[in-house]
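K.L.:
Taken in order, these protein sequences are the chains called A and B. FYI, the numbering for the first sequence is 1001 to 1115, going by my numbering. FYI, the numbering for the second sequence is 354 to 481, going by my numbering.
By construction, these hints were calculated from the structure, which means they are not laboratory data. Every residue gets a Cβ at the ideal spot worked out from N, C-alpha and C, and that includes glycine. Worth double-checking, as some hints may not be accurate.
Stated by the list, open to error - Computed spacing ranges between beta-carbons, pair by pair:
{"hint": "1", "chain 1": "B", "residue 1": "D444", "chain 2": "A", "residue 2": "D1101", "range": "43 to 51 Å"}
{"hint": "2", "chain 1": "B", "residue 1": "N423", "chain 2": "A", "residue 2": "N1107", "range": "38 to 46 Å"}
{"hint": "3", "chain 1": "A", "residue 1": "A1084", "chain 2": "B", "residue 2": "Y410", "range": "28 to 36 Å"}
Stated by the list, open to error - Calculated Cβ distances over 12 Å to all of chain B for the following chain A residues:
{"hint": "4", "residue": "Q1048"}
{"hint": "5", "residue": "E1077"}
{"hint": "6", "residue": "A1084"}
{"hint": "7", "residue": "I1085"}
{"hint": "8", "residue": "K1099"}
{"hint": "9", "residue": "T1103"}
As the list claims (entries may be wrong) - Computed list of lysine-lysine pairs in DSS-like fashion (alpha-carbon distance at most 30 Å, straight line):
{"hint": "10", "chain 1": "A", "residue 1": "K1082", "chain 2": "A", "residue 2": "K1099"}
{"hint": "11", "chain 1": "B", "residue 1": "K446", "chain 2": "A", "residue 2": "K1056"}
{"hint": "12", "chain 1": "B", "residue 1": "K476", "chain 2": "B", "residue 2": "K377"}
{"hint": "13", "chain 1": "B", "residue 1": "K476", "chain 2": "A", "residue 2": "K1017"}
{"hint": "14", "chain 1": "A", "residue 1": "K1060", "chain 2": "A", "residue 2": "K1082"}
{"hint": "15", "chain 1": "A", "residue 1": "K1007", "chain 2": "B", "residue 2": "K476"}
{"hint": "16", "chain 1": "B", "residue 1": "K377", "chain 2": "A", "residue 2": "K1007"}
{"hint": "17", "chain 1": "A", "residue 1": "K1017", "chain 2": "B", "residue 2": "K450"}
{"hint": "18", "chain 1": "A", "residue 1": "K1091", "chain 2": "A", "residue 2": "K1060"}
{"hint": "19", "chain 1": "A", "residue 1": "K1056", "chain 2": "B", "residue 2": "K450"}
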Amino acid sequence: MILFISKSAPFEIHHNKELLDMALAAGAFDLNCKLLLQGNAILQLREQHSQVIQQKDINKTLSALPLYDIDPIYVLEQDLLKFAIDIKNIKLSINVINKPDQTAFLNSASKVIRL
Amino acid sequence: MNFSICITAHPLDSAQRNAIEYCKALILKSQRISQIFFYQDAVSLASSLLVPAQDEYDAQQQWIELAQSNNIELKVCVAAAIRRGILNEADCKRYAKPQSNLHDAFSIVGLGDFLTTMDSSDKQVTFG
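Please work from the sequences and hints to get the whole structure.
P.N.:
In structure tokens, the structure reads:
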């Protein structure tokens, strides 16, 4: 399994976009992969007003992930707490990884790309 | 063991040197490098218009020497390259730009090329 870890906040558009491009391409090539939003990247789950800065809506790209068998999106328990994000308010399919399970989750990947 | 290498750092970032030295060490230890892939800001390293200062480390030249002496392809992501103004002749014509600037030692590839090679490699190492 290839694990893609997004680490950038939503306004760092190109870092996010290029990580998601890679994940979508992996899905299109039928490679087994997962996406983890880590740290500031979890803010990508919040509603965006990307048209204000003439950028594409990251939420829309995240919504397309299930079409490429990248589903659910993984997040870390401590990041949800840090940014006070309640996943009940998020329409995307989210899997929260609790702290004791995080090492095993990372170890389950044969390759990791963190951008 | 078979290593896939991805570099995302800007050409002047010290991560370039780290990646080059890492690859040299792999070769010294008789390991195989399946690919060297430039993504994000690292694609600027493939510009034929770079002019490093004479007394400074020339990462581009180091990569080219390493790749040519070990027969490894230097791959550059097409989407990331176009976005940053690194164009081969075909893309130059397609987007009606006045000049191409991809260095001859580098090849433009898609993400699928990188990912399928990475998937069949034993290890993936990213420098960014």
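K.L.:
Determine for every hint whether it applies to the structure shown.
P.N.:
Cross-check of the supplied hints:
Judged by the Cβ atoms, the range 43 to 51 Å given for B:D444 and A:D1101 holds: they are separated by roughly 45 Å. At roughly 31 Å, the beta carbons of B:N423 and A:N1107 sit outside the given window of 38 to 46 Å. Range check, A:A1084 to B:Y410: Cβ separation about 45 Å, and the 28 to 36 Å hint is violated. No Cβ of chain B comes within 12 Å of the Cβ of A:Q1048; the nearest lies about 20 Å off, and the non-interface call holds.
At roughly 25 Å from the closest C-beta of chain B, the C-beta of A:E1077 stays outside 12 Å, upholding its exclusion from the interface. Listed as outside the interface, A:A1084 is consistent with that label: its C-beta sits roughly 29 Å from the nearest C-beta of chain B, beyond the 12 Å cut-off. With a least CB separation of 26 Å from chain B, A:I1085 remains clear of the 12 Å interface cut-off, as annotated. Distance to chain B confirms A:K1099 as a non-interface residue, since its nearest Cβ pair spans about 25 Å, more than 12 Å.
A:T1103, annotated as away from the interface, keeps every beta carbon of chain B farther than 12 Å; the closest lies near 19 Å. Among the hinted pairs, A:K1082 with A:K1099 is consistent with the structure: their alpha-carbon atoms are about 13 Å apart, no more than 30 Å. Proposed proximity of B:K446 and A:K1056 is supported: the alpha carbons are some 26 Å apart, at most 30 Å. With a C-alpha separation of about 16 Å, the suggested pair B:K476 and B:K377 falls inside the 30 Å cut-off, and the hint holds.
With a C-alpha separation of about 24 Å, the suggested pairing of B:K476 with A:K1017 holds against the 30 Å cut-off. A threshold of 30 Å between alpha carbons decides the hint, and for A:K1060 with A:K1082 the separation of about 24 Å falls inside it, so the pair holds. Between A:K1007 and B:K476, the direct Cα distance comes to roughly 21 Å. Compliance with the 30 Å bound is thereby established for this hinted pair. Straight-line distance between C-alpha atoms of B:K377 and A:K1007 comes to about 29 Å, which keeps the hinted pair within the 30 Å bound.
For the hint linking A:K1017 to B:K450, the alpha-carbon distance of about 24 Å falls within 30 Å, and the restraint holds. A hinted pair counts as satisfied when its Cα atoms are at most 30 Å apart, and A:K1091 with A:K1060 qualifies at roughly 11 Å. At most 30 Å may separate the alpha-carbon atoms for a hinted pair to count; A:K1056 and B:K450 meet this at roughly 24 Å.
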